[in-house]
Amino acid sequence: MDEHNTPDIHTRITERLRQIQYPGSQRDIVTLGLVGKVQVQTDSAVVQIRASSIKEDVLRHLRGRITQELTTLPEIVHVHIHAFAAQAGEPHQGGQAGNQAVRERADIPGVRRILAVASGKGGVGKSTVAVNLTLALGSLGHKVGLLDADIYGPSVPLMMGTEATPRAGQDKKIYPVEKYGVSLISMGFFLDDQSPVIWRGPIVMSIVRQFLRDVIWSELDYLVVDLPPGTGDIALTLAQEVPLHGGVIVTTPQDVALLDVQRGISMFKQVNVPLLGVIENMSFYECPVCHEKEEIFGHGGAQKTGLKVLGQVPLVEEVRVGADAGKPVVVSAPDHPVAQEFFGIARQVVAAEEMQLPQSVH
Amino acid sequence: MPTPLLLTPIPEDQLLRVLWDDDTLNDYPFAYLRGWCPCAVCQGHGGERHFIEVENPQLVSIDMVGNYAVNPTWDDGHETGIYTYVYLRSLGESQDSQHSQDDPEGTH
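Those protein sequence lines, which keep their order, are chains A and B.
The numbering of the first sequence is the working numbering, which starts it at 23 and goes up by one.
The numbering of the second sequence is the working numbering, which starts it at 1329 and goes up by one.
Hints are computed from structural coordinates only; laboratory data are not their basis.
Built from N, CA and C at the ideal position, the CB exists for glycine as well.
Warning: the hint list may mix true and false statements.
Facing chain A, a subset of chain B residues (Cβ under 10 Å, in silico) [to be verified]:
1) Met1329
2) Leu1333
3) Pro1339
4) Asp1351
5) Asp1355
6) Pro1357
7) Glu1376
8) Phe1379
9) Ile1380
10) Val1382
11) Asn1399
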């Protein structure tokens, strides 16, 4: 502090700072409360930016703007900015007041996008779709992982044809199982075929958390999460624990399934996850002899959701056999029309996700 | 869904300032925010929400929850309140429109 530390220069500094708009807003950084203490020491201004939810890149931009504005003042040659961007970290690790004040949920290291595959009810073939969608994304050249979040009824190991046990890494971390170029984790890898999972919600939630945080996922373009049916603890934990980039709903054409699907859609809406679209499974049965299409479960279910229809997967034996044999149709018969349908779905998912065009539901 | 662009705790003024993506700006005095904690510990299950009187609560930190909510941690260790963006926005609005009724110093 010295004789330069006068109200006059402070007023003019504030005036300059008020010229700086926050990106995406008409408001300036002083109004927003971002500017804390400002001190002037000889020819230097020291500006403190309060801890906030500000992102690194926005902060970088503002640093430049602040320096630019303040050095227009004849008294100011140097500008020092003390600032804290939002911290990425695990929730609830304490912290001192005023320090590390706003925290983002940490992303999963190396994972670029997390997609959730959900349905309002069971038995619509959600896991089958999730497995084939993941493999199709992989075939398009993306690095993919599949997290089987159905803790009570894990079916991914059977469908992917592996019973390997995940390798233990350091610090209680585990390596995912690799099959068909996909990184996999499932409760099924930790259980005998016979043993049921008889756990209450909090334990199950901690398993999901571990699958997200304690698995060494390495570099992935897409981590697909196969959710259990319904809108319970697991789905909510996932939505709270990580920023989900998109949700995909699997349904069958009949109305009773649709009723439950609406609940799934509402759930994603409530937790603000962009819905990329709906996949209609068991859409129709095509007679292998006469190739006549029969819509066993009715018609037009997916359209009624009001979401973008990403694809319609017919009821064909190859899908069921592939899943049971651990050779999903996308891998075992990539030229089959149903595999082609999955490739189409995968392309649509990528397009919808990259365009960041959440489908609104009304 | 209204989404915050920026959350800034301002300890000097004992409030959390929130800039929304429609450029609305809301101030939440700590006692007001703490008082309307939506968690089941504070509110029980069912029934109307009521104001929880807490003396001089200090915001220790605030966590973003997924894409849809924020979760403050208070200096008394309370950290179970998950304020959805929709709820937080409504708190900001009810504070604006009927400040006297919702004033934390009031008789809730």
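Tested hints:
| no. | hint | in the structure |
| --- | --- | --- |
| 1 | Met1329 | holds (5 Å) |
| 2 | Leu1333 | holds (6 Å) |
| 3 | Pro1339 | holds (6 Å) |
| 4 | Asp1351 | holds (5 Å) |
| 5 | Asp1355 | holds (9 Å) |
| 6 | Pro1357 | violated (13 Å) |
| 7 | Glu1376 | violated (21 Å) |
| 8 | Phe1379 | violated (23 Å) |
| 9 | Ile1380 | violated (20 Å) |
| 10 | Val1382 | violated (15 Å) |
| 11 | Asn1399 | holds (7 Å) |
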